[in-house]
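Given chain A, work out where chain B should sit, using these hints.
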Amino acid sequence: MNIPNTILAMLVGILLTLVSLWYGQNHGLLPVAASDEAAQVDGLFNTMMTVATGLFIIVQGTLVIAAIRFRKRKGDNTDGPPVHGNVPLEILWTALPAVVVAWISIYSFEVYNAMGGFDPMAAGDSHAAHMSASSKMRGAAIAAPLPAADAENPPASAPSPNNLIAVGVGASPANRGQNADVSVNVTGLQYAWIFNYPDSNVSSGELHLPAGKEAQLNISAMDVLHAIWIPELRLKQDAIPGRTVELRFTPRRVGEYPLRCAELCGSYHGSMATKLIVQTPEDYASWLQSQQVASNPSLEKAVAVNPGNLSDSDFLAPYTTEMGMNPETLHQIHHTHH
Amino acid sequence: MTQAELQATANTPTHSPEPGQRKWWEYFTFNTDHKVIGIQYLVTGFFFYLIGGVLASAMRTELATPAPDFVTPELYNGIMTLHGTIMIFMWIIPAGAGFANFLIPLMIGARDMAFPRLNAVAFWIVPPAGILLLTSFFVKPPEAGWTSYPPLSETASKAGEFIWILSVLLFGTASILGAINFLITILKMRIPSMGFNQMPLFCWAMLATSGLILIGTPVLAGALILLAFDIVAGTAFFNPTGGGDPIVYQHMFWFYSHPAVYIMVLPFFGVASEVIPVHSRKPIFGYRAIAYSSLAISFLGLIVWAHHMFTSGTPAWLRMFFMIATMVIAVPTGIKVFSWLATMWGGKIRLNSTMLFAMGFISTFVVGGLTGVMVASVPFDLHVHDTYFVVAHLHYVLFGGSVFGIYAAIYHWFPKMTGRMLNEPWGIVHFVLTYVGFNLTFLPMHELGLLGMPRRVAMYDPQFAHINLICTIGSYLLAVSTIPFLVNAIWSWVAGPKAGDNPWQALTLEWMTTSPPAIENFEILPVLDIGPYDYGMGDRSTEVDVPFSEAKEPVLSAGPSSVLRADPDPSVAVNPSDRQPEE
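Chains A and B, in that order, give the protein sequences. Sequential numbering of the first sequence, starting at 1352, is according to my numbering. Sequential numbering of the second sequence, starting at 63, is according to my numbering.
Pulled out of the complex, with its shape left as it was, chain A reads as follows:
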């Protein structure tokens, strides 16, 4: 064929660009995006995928073409042309990647800012004042987030001194300076997640959140490192014993999403998984209410386990019922005794 080399190169370049652009948008490799920020991360990934596809084709294509076109022919024992280098070409392939990575860096910076990565409350510049205390009690029984304790520690109280604040992802620029709509204390332990809603004293093994409301997770760990990962939100944050880390985001899409531990935490690390359930605000409110009814008696029980606060008969009640005695008999015994 008699196509001049420059035109051929241009055609190949255009085709390469089109293929890369198409694949960057249509790779279909990611799960659904359940928040606006997740969609932005996907946009960033698609851009990087476009660049990567182009470079991948260039390198693999060069290898294949070189292997075919420049393979040694039988009987030819001469050397190739003595080309030692080409300064303009070398400047080009130094400058071009530099520009591309600078551009990707700026793009990543923008996305990270939009996600809330630079929120000073979460970025370690000031001590996060809106941490609630209950998630930080090291070694405390998780089943006992006392109702009174949270009433005494309103969100503005100073963090306790032994409590290091680690850095997560904070409020997006629009929400900066405001408290999140829903605050959840998250505790990781081998091998489960406990979600405690301090405003309503509900504890749950699944994370329920209202769609369209900004949520704030205050993440900590009881024993070893864990990491909370919600793939559909493109968010991950390590849970570190002795620290509380903030993660703020706004789920948009109603649905059930897996929530997994992503940091090796022991033998059953792979089974440490639960669900994020994003509900409409109405469904969320009714779920919260049903949980309050369901869990408050059990919470009082959790508190009542402290034997010092119980009367003798209350303390003995569980055992005596097991033994087939009724409280009246017990009373009689007590009275005859004294």
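Pair ranges (Cβ atoms, derived):
hint: 1; chain 1: B; residue 1: I287; chain 2: A; residue 2: P1524; range: 40 to 46 Å
hint: 2; chain 1: A; residue 1: N1437; chain 2: B; residue 2: I586; range: 35 to 41 Å
hint: 3; chain 1: A; residue 1: H1435; chain 2: B; residue 2: T127; range: 54 to 60 Å
hint: 4; chain 1: B; residue 1: E88; chain 2: A; residue 2: R1424; range: 39 to 45 Å
hint: 5; chain 1: A; residue 1: L1447; chain 2: B; residue 2: T134; range: 50 to 56 Å
hint: 6; chain 1: B; residue 1: T127; chain 2: A; residue 2: L1443; range: 47 to 53 Å
hint: 7; chain 1: A; residue 1: V1644; chain 2: B; residue 2: L196; range: 54 to 60 Å
hint: 8; chain 1: B; residue 1: L228; chain 2: A; residue 2: L1443; range: 49 to 55 Å
hint: 9; chain 1: B; residue 1: L112; chain 2: A; residue 2: A1446; range: 42 to 48 Å
hint: 10; chain 1: A; residue 1: M1361; chain 2: B; residue 2: M599; range: 32 to 38 Å
hint: 11; chain 1: B; residue 1: L112; chain 2: A; residue 2: G1426; range: 37 to 43 Å
hint: 12; chain 1: A; residue 1: N1437; chain 2: B; residue 2: V183; range: 43 to 49 Å
hint: 13; chain 1: B; residue 1: V549; chain 2: A; residue 2: L1443; range: 44 to 50 Å
Heads up, simulated DMTMM-like pairs for lysine to aspartate or glutamate below, C-alpha to C-alpha not over 20 Å straight-line:
hint: 14; chain 1: A; residue 1: K1564; chain 2: A; residue 2: D1532
hint: 15; chain 1: B; residue 1: K410; chain 2: A; residue 2: D1427
hint: 16; chain 1: A; residue 1: K1425; chain 2: B; residue 2: E486
These aren't lab readings, by the way, just hints derived from the structure by calculation. Being a predicted model, the structure only gives us computed values, none of them experimental. In this text, a Cβ means the ideal position worked out from N, Cα and C, and glycines have one as well.
Chain B only, in chain A's frame:
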């Protein structure tokens, strides 16, 4: 006269009459010959590679189905930890040290390393360290991964963890001793006619690698000793219940272990720069750019460690710094890749096993490099950190990069090391099986990570079952691919056809001596008649009135490094007025 004949003719006086054959048992002794030590490193490393490979196959068997049905989850974590540790510390790094030991003195025209006894000590630390690590199977193997993050590493299987720490400390010591040796040898023992810019690129790569080892390894040792105190003596350096900080360990660990990636891959960048010009019959494209980019990668590699910690509470501005520094590494790495491609372009490529593995190295390493830029981006890394995307990325760098590089190097230098040729058709079978098996195993893992499968799990969500099964099938293919190599290597070592001095018509100095090289390499100091990559400079038909070889004084013969060139080297110039006093 071809280029290789020119170089050989100039070095005729250095050529010893017969090859230095060693007895088999000498390889089991405390021998100070750098060639023996190089082969000792390689064979020991390959032995541990097979063990690490068996462990990998066990892991993939477990992961073929979602339920933990092949081994217990505890044992899975132990296997996973030892697989990582063995492949890194007992295979790839020793293999790099093995080639460096064998090649550096030969390439720079020295008779041995600068400190031969230290060299032997460094090697003989490795096998006990490896056996020690394996003995942890008799107690309870370490279960905290090769990263050994506290507090998990301080609570799960303490005895195994302590053995792991001892073993890695021993290995680190060996690595530091080796690096000192490489550095001094390269800096001080080159032949007079070889300046820095005539040095083979493998030596440049080892210069960069050795610097990284010397700076990074002591910090790892510090972290591991503190961790050992936490486990054995009950201190609380990293234990939060005693007021310690687990994040400090992560910083110290990655300060070594990120550079460790470059410690593992830079030597094989060097190998690619040696192998590709020889088998493309063309000079290396952009010698200085490749040489200096090794140093740039080495420096940048030291200031990017916290990109492994984007999710562990690193301050926002530091995350941005580490993101940008990491992305910048793409520039020198890109220079190397493009330069290798340009070297091949227009050459006369011999598609033998060596070249196929070198091309496979570029092909797979590039994927690891591209995903490396992706995971450097903080917002995207928050999604894929600690997932199978990272598992895929790191294997594309360390298997697709380092192990393909190791195989290219073995096929290339096997004739020099043993004096015999490897079987070519079986080499090609080995390459095809490895390339297909590797991509089948690791390419689908990218998708697993993006979809939501975390790494280091013994059981997983059934939605990932199909892709995992593909990975497992690929891993069996990969396991099978070592068999043709193993048979080929053992058979060829014993009964392969004789190689001759220079079967590839290469120009670097190791090909100017016998195969295997004489006991002390060269009779007298060799000389670079022409540069190490001066292929295709013509047949020198033009008459020039300088001797191309001078038997008595090789330094007086022609060539780019000769004292007869326009700008003589002041340290060896013949004319007294050109000699500068050394200060």
